[in-house]
Amino acid sequence: MTDAVLHRLGGEGPDVLLIHGFGADRMSWLAVASQMFETATLWAVEYAGHGGAGNDVGDGTPQSLAAAIETAICGALTRPIIVGHSLGGTVALHLAASATADISGLLLLAPAGVSGQPDSDFIDILPELEDGEFALAVMQRLVVRKTLMTRRMADAFVETLRGDGRRQALRQIAGALPLASQPPFPPAVPCTVLWGDSDEIAPPPDQPLPGLRVIENVGHLPHIEAVAAVMAELRGLQDSVAGRP
Amino acid sequence: MATEILVPQLGNEVTEAEVTEWAASVGDDVSAGEVVVVISTTKAALEIEAPCDGSLAEIRIGEGELTEVGAVLGVIE
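Protein sequences, first through last, are from chains S and E. Quick note on numbering: the first sequence equals residues 492 to 736 in our numbering. Quick note on numbering: the second sequence equals residues 55 to 131 in our numbering.
One should not assume that every hint holds.
Said to hold, decoys possible - Now the stretches of chain S that chain E is said to cover, found in silico as 3 or more residues with beta-carbon under 8 angstroms:
id: 1; region: 590-599
id: 2; region: 613-621
Claimed, not checked - Stretches of chain E that chain S covers, calculated by requiring three or more beta carbons in the stretch to come under 8 angstroms of a beta carbon on chain S:
id: 3; region: 55-67
id: 4; region: 89-103
id: 5; region: 106-117
To be verified - Take a look, some chain E residues computed to stay more than 12 angstroms from chain S by CB distance:
id: 6; residue: Asp-82
id: 7; residue: Glu-122
id: 8; residue: Val-123
id: 9; residue: Ala-125
The hints are simulated quantities; they were obtained by calculation from the structure and are not laboratory data. This structure is a prediction, so every number in the text was calculated from the model and none was measured. Yeah, the Cβ is synthetic: ideal placement off N, Cα and C, and Gly gets one too.
Construct the complete structure from the given sequences, taking the supplied hints into account.
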């Protein structure tokens, strides 16, 4: 089976699990994690092809990644709220749909696959990046405020791709995305969806979606560009789960 | 009264960050909640807001410089 690695980031309180997007890792939650520590025991999982996980992605589908995460968190977390970004949001939906996973709430940030397929040019080029300057231009498509992506980040990303098997693992996941089934929204789990109105990679849905809030002047990374909005939704979800008014 | 703009806690794995951009210059009026400086690691950026209304009196860590968690980035008076 494809693997996933669970990391405890810090904080005290009910469990919150972060699931990153395609090409990212646990460190991508930096901007919101520092505030989440105040009210949560914060965990981040890295699935195959990313961060400290291995490169055996299996068939690369979100369902397979979700199954590996379920194994990784089993017995470690108690009824977590899951925050999933992009592919991580889709994976979170599959995880919540599992008969054996016990999830108390979902906060989805621009979940890939919920509003059609994400931009294939972006998904396909990411595993192939070799040049820092070009990588920066590609990564800047993720945000409205371009200075939030730096050459240092782009160089570091290209470096991660140089590990044995990493590019192929990402290609496998990218190739499986168009074939992935639309994940259901679990009716029994409170769910909020945040989406940037200027998301070039996975534009927000035209149709109404339960729990959807679209944020102005934000791209594909609400957890970087709209920290206050993400934190407000998380706290609302935490209150709802805890039965607080 | 002087109020320091600090590098916040960034988790148990991150101890330093780079100042990417100052969105205000020394002498500018700033409002509480307004983004005044952006810091970044090799993985992500973090916009830091002014903790109070006032004037940006001092920039202690310039753009492109590395700094540590808890360090004073600048001062508002």
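Hint by hint, here is what the structure shows:
{"no.": "1", "hint": "590-599", "in the structure": "violated (count 0)"}
{"no.": "2", "hint": "613-621", "in the structure": "violated (count 0)"}
{"no.": "3", "hint": "55-67", "in the structure": "holds (count 6)"}
{"no.": "4", "hint": "89-103", "in the structure": "holds (count 9)"}
{"no.": "5", "hint": "106-117", "in the structure": "violated (count 0)"}
{"no.": "6", "hint": "Asp-82", "in the structure": "holds (17 angstroms)"}
{"no.": "7", "hint": "Glu-122", "in the structure": "holds (14 angstroms)"}
{"no.": "8", "hint": "Val-123", "in the structure": "violated (9 angstroms)"}
{"no.": "9", "hint": "Ala-125", "in the structure": "holds (14 angstroms)"}
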